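Protein chains: 2
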Amino acid sequence: MDPFTLVQDDLHNISEKMLDSIKNEVPMLSSAAEYFFRMGVRGKRMRAAVVLLLAETLHVAPSASHPADTEWIATQHDRQKGVAAIAEMIHVASLLHDDVLDSSLTRRGVGSVNAVMGNKMAILGGDFLLARASVQLAELENTKAVWLVATMLDNLVKGEVLQATMADDSLLDFDKYLLKSFLKTGSLFAHSAKAVATVGGHSVETCQLAYDYGKSLGLAFQVIDDMLDFTASSGMLGKPAHNDLKSGLATAPVLFAAEEFPGLKPLIRRRFKEPGDVETASTWVFQSKGIERSFELASQHAEKAAQAVREMPMPNTTHGRRCQQALIEITQMVLTRKK
Amino acid sequence: MDPFTLVQDDLHNISEKMLDSIKNEVPMLSSAAEYFFRMGVRGKRMRAAVVLLLAETLHVAPSASHPADTEWIATQHDRQKGVAAIAEMIHVASLLHDDVLDSSLTRRGVGSVNAVMGNKMAILGGDFLLARASVQLAELENTKAVWLVATMLDNLVKGEVLQATMADDSLLDFDKYLLKSFLKTGSLFAHSAKAVATVGGHSVETCQLAYDYGKSLGLAFQVIDDMLDFTASSGMLGKPAHNDLKSGLATAPVLFAAEEFPGLKPLIRRRFKEPGDVETASTWVFQSKGIERSFELASQHAEKAAQAVREMPMPNTTHGRRCQQALIEITQMVLTRKK
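Same order as they appear, the protein sequences are chains A and B.
The working numbering numbers the first residue of the first sequence as 334 and each following residue consecutively.
The working numbering numbers the first residue of the second sequence as 334 and each following residue consecutively.
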């Protein structure tokens, strides 16, 4: 069974609420929002789904200050689910601004908002989502959660700055690649996972397990994403997209390949800007163990993520235990996805 | 005596800290930040100065839960001052993004960041400041303050959206003009003022007075700003800038003028886009009572602001009482400034 179906109603509600809030409050952004959300690709809601499954797995812990207070528990559980909406809004805001910064013309195979509706729409749309996310964050009434989400936003921006400013030699540095992957992807999963555990009133240890799960899952997800840029068929001709190479980015497959074929290094340093660089780099990647080693790296992170879930306290409902199982299944799904 | 000198050390610290944080964490943004902050125009720190003066006037109230706890009082007072830095960072972030959205080439007489360093720097710089502001906001550990600041950010974005999307007929609507002025300027003053009172542990009534002061002062400030676009000499030739007319915006002076000269209405609706429209509109404004009535409107708001300060509890230190007096003086300074 698809692990996402366990939280599919909540997932649907989050998208609809986000869309409604945009339509009602800023009608001018409606078409951009419709356009963006109706593309309806699974990957886009990965973050919200993971957070919602965590909210069920780490349902509100009994509290000394509110013993058996069902109303309080319901409120806190709704707030846990609220973290999913906040994470998704911040993620979408960052995509909108990233595409403007990178002048990207497409996003998951369709035209980006900036390409179709202009930079203005994309910047305003991103700012609007950030502002709405802030208001919803305030409504959680949890100072620790505010700090976690603020840190995640801070990391996202630092990741974008790092990507935009890497010195040519740093492009060869695997640690920098991992740092950037954490800042841009791992941090959002890690901090929103920890926020759910925190709002649920869980112990420091459980909050840390949630963080570990999010961080490792996020890294696995990102490394596979980078691998798919080489291996997944895309577009009409079914050829790999090579978007990263075209943007001058050296990711795991090409960095591993460069260890076997040092001739790749000058291409990495010059950001694959000479004619033929993209094709040459791709060829070397496939002649090397680059793809294999990237998959191994992602598998290690996926296993770490699964281990963190296994160490979480056992939920006391069947639904909770199913959701816990789903979190483990997702670590495998991330590895086997084809696009 | 200049009312700003009472808080000049704190004001200086805020700018330096903001600059240091940018330089250390994202060196790539250093030159943009230096460029922006070193312009050092008074107007730019108006928000921080007002918040700091309020922090002294509404110094931490004695609390039942922390009677005579000087350490706690010092922490809370530092947090009150932290609101000033947060307000300033959000303000600067909004300027950076606004200039990209409006494709503005200048900001207070010098080239805008987007014009001099590109849109990418301006968008990233704005995002970075918003993210840092969120982290500092989290550190206040005050859920009400988080809500107030989130609402202010939400208002700022809505103001920008409203400005970007006004229907031609709405351009004639004075209420829409006032709403936009509140969202883009009044709200930031109002919510940060209320946040200072809230963090200081003041009563609901005092928090409301702080809000009223900020709102009215912000509106007075904005209306005068709009008036100065017609009356202040600017640039080498000493002619009024008419930036608003050139951007297609109808502000108080021109809206008042249109009541006397209905011939202005078609020009407003077409956003002064025909050749000669800007000059014609300006001439009509000066033949009408537009400037006079704008000044009157600003004076009414300034007086409301002063009244709110007079109703605040009397500070129990000389310094506090001086700062309270300074808040009143600022309501007059806003009216008499020449640029």
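Honestly, the hints are just simulated from the structure, not real lab data.
All values derive from a computational prediction rather than experimental measurement.
Please note that the accuracy of each hint is not assured.
Each pair may be met inside one copy or between any two copies, as identical chains are not told apart.
Using 20 Å as the maximum straight-line C-alpha spacing, the simulated SDA-like pairs for lysine to any residue come out as follows [stated by the list, open to error]:
(1) K509 with N357
(2) K622 with L668
(3) K509 with M361
(4) K579 with E662
(5) K622 with F589
(6) K453 with D435
(7) K453 with T439
(8) K671 with G571
(9) K453 with P608
(10) K414 with T476
(11) K453 with V443
(12) K598 with S354
(13) K356 with A500
(14) K579 with T338
The hints, checked one at a time:
1. K509 with N357: between (42 Å within a copy, 17 Å between copies)
2. K622 with L668: within (17 Å within a copy, 71 Å between copies)
3. K509 with M361: Between copies only: 16 Å across chains, 40 Å inside a chain, cut-off 20 Å.
4. K579 with E662: neither (33 Å within a copy, 58 Å between copies)
5. K622 with F589: The answer is within: 7 Å in one copy meets 20 Å, while 73 Å across copies does not.
6. K453 with D435: For K453 and D435, the Cα distance is within 20 Å both inside one copy (15 Å) and across copies (8 Å).
7. K453 with T439: Result: close both inside a copy and across copies, 16 Å intra and 18 Å inter.
8. K671 with G571: within (13 Å within a copy, 64 Å between copies)
9. K453 with P608: Neither: 33 Å inside a chain and 26 Å across chains, both beyond 20 Å.
10. K414 with T476: Classified as both; 17 Å inside a copy, 19 Å across copies.
11. K453 with V443: within (19 Å within a copy, 23 Å between copies)
12. K598 with S354: Neither way: K598 and S354 sit 48 Å apart in one copy and 33 Å across, limit 20 Å.
13. K356 with A500: Intra 42 Å, inter 17 Å, cutoff 20 Å: inter-copy only.
14. K579 with T338: neither (36 Å within a copy, 54 Å between copies)
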